Amino acid sequence: MGEFVCCPAEAVRAAEAVCGPAVLTVVSDRRGSTVWKACGVAGAMAVKVGYGEGVEVTAREAAVLQRLPGETVAWGRHEGGVWFVTPWLAGASTWGLFEPVRLRAEGRAEALAGAVGLCRAVASLHASGWVHGDLQPAHGIHTEAGVRLIDFAWAWHSDFEQHLGFKGGITHLVAPELAAAIQEGVRPVRPSAAADVYALAGSLWTCVTGRWPLDYAAVGIDPKVLGPEGLRCAIATGVVPLDSNEPWAALQRGLGQVLKAEAGDRPTAAELGDVLGVIPC
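Residue numbers (the working numbering): 16 to 296.
Hints were generated in silico from the structure; no laboratory data involved.
Hints may contain errors.
Capping the alpha-carbon separation at 25 Å, the derived lysine to any residue pairs in SDA-like fashion look like this [said to hold, decoys possible]:
1. K182 x L241
2. K275 x E261
3. K52 x W103
4. K52 x G35
5. K182 x G279
6. K182 x T158
7. K239 x T224
8. K275 x V70
9. K182 x G161
10. K182 x S139
11. K52 x V33
12. K275 x R226
13. K275 x A232
14. K182 x H172
15. K182 x I165
16. K182 x G235
17. K182 x S207
18. K239 x P191
19. K275 x R82
20. K182 x G144
21. K239 x A264
22. K275 x E286
23. K275 x T40
24. K182 x E261
25. K52 x A29
26. K275 x A265
27. K239 x A265
28. K182 x P203
29. K182 x A160
30. K275 x V201
31. K275 x D174
32. K275 x I185
33. K52 x R119
34. K182 x E159
35. K239 x R226
36. K239 x G279
None of the values given here were measured: they were computed from a predicted structure.
Let's have the full structure, built from the sequences with the hints guiding it.
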């Protein structure tokens with residue numbers, strides 16, 4: 016748990032205005048933000064509070080969500096932080112959806128359909144002029160109504176400036192061209208649809224194997240020793256090969272083509288979805 020443990024009263028009131036008197040359960044607490052699930056008789060809401068180093072990042076995410084239809088219900092500042100309230104998304108993450116695939120080589124049809132749905136969700140975001148900037152295995156939620164994306168703190172649009180602190184999202188899934196720009200000192204670094212597709216393919220690879228897509232050991236890299244900056248330098252060179260573990264070779268061949276392609280040669284998210292849609296289970 017982090018240092019912040021209390022949900023602001025104004026955030027609770029905003030959640031309960033939608034779902035009724037609620038019971039709050041902490042879902043996550045890390046890197047300057049805490050998320051609660053607020054369950055009431057009329058439904059469930061997600062409450063996120065940014066504190067300390069997470070205040071401005073959380074404020075940025077709230078501002079992004081205000082621009083995306085059907086997302087934020089309410090947000091505000093309070094003494095010590097920033098909060099926002101959104102509808103709770105019921106369903107497994109992409110990581111969770113692939114668990115039977117990873118553990119027992121089962122559930123491939125459902126997982127593949129989920130992968131296609133995730134690609135379509137990303138494609139829809141891109142069609143609206145936004146890029147996500149931090150796609151990860153847990154950032155797609157597979158609801159009854161389709162796949163929804165979460166964690167928009169680093170999302171970018173041409174009329175919405177990127178935060179100077181953006182460093183490509185999770186390091187293991189940063190596209191080589193984005194890693195190179197970051198290491199060259201470009202500020203602000205703007206994500207792109209092509210970089211999103213790289214992270215999308217890398218996320219799905221990780222969901223299949225349980226491992227990051229790049230084989231650091233093959234080139235003598237210890238991620239714990241190098242740290243994020245050193246890893247970005249290595250990723251920027253493009254010399255780190257893909258992991259050779261292929262429990263689902265047909266799917267991984269399609270993903271691998273994306274991960275090895277130059278930015279300008281990558282398919283769109285919609286095109287990747289079409290490719291994955293015809294892969295045998």
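25 Å Cα cutoff - pair K182, L241: Judged against 25 Å, a Cα distance of about 16 Å means the pair holds.
Would you mind confirming whether the straight-line C-alpha gap from K275 to R82 stays at or under 25 Å? Violated - the C-alpha atoms of R82 and K275 are around 33 Å apart, more than 25 Å.
Has the given pair, K52 with R119, been kept, meaning a C-alpha gap of at most 25 Å? Roughly 30 Å between the alpha carbons, so the hint for K52 and R119 is violated.
Given the hint that K182 pairs with E261, does the C-alpha gap stay at or below 25 Å? Roughly 29 Å separates the two Cα atoms, so the pair is violated.
Is K275 close enough to D174, meaning Cα to Cα at most 25 Å? Answer violated: K275 to D174 is near 31 Å, above 25 Å.
Has the given pair, K182 with P203, been kept, meaning a C-alpha gap of at most 25 Å? Within the cut-off at roughly 9 Å; holds.
25 Å limit on alpha-carbon distance, applied to hinted pair K52 and A29: The given pair, whose Cα atoms are some 13 Å apart, holds under the 25 Å limit.
Take the C-alpha atoms of K182 and G144, compute the straight-line distance between them, and say whether it is at most 25 Å. holds (21 Å)
Assess, step by step, whether the Cα of K275 is no farther than 25 Å from the Cα of I185, and give holds or violated. holds (18 Å)
Given hint V201 paired with K275 - CA-CA distance at most 25 Å: Roughly 23 Å separates the two Cα atoms, so the pair holds.
Against the 25 Å threshold, does the CA-CA distance of K182 and S207 hold or violate the hint? Roughly 13 Å between the alpha carbons, so the hint for K182 and S207 holds.
Can the restraint linking K52 and W103 be considered satisfied, given a maximum Cα separation of 25 Å? Satisfied, since the Cα-Cα distance of roughly 7 Å is no more than 25 Å.
Comparing the model with each earlier hint shows violations of hints 6, 8, 9, 19, 21, 23, 24, 27, 29, 31, 33, 34, 36; every other hint is respected.
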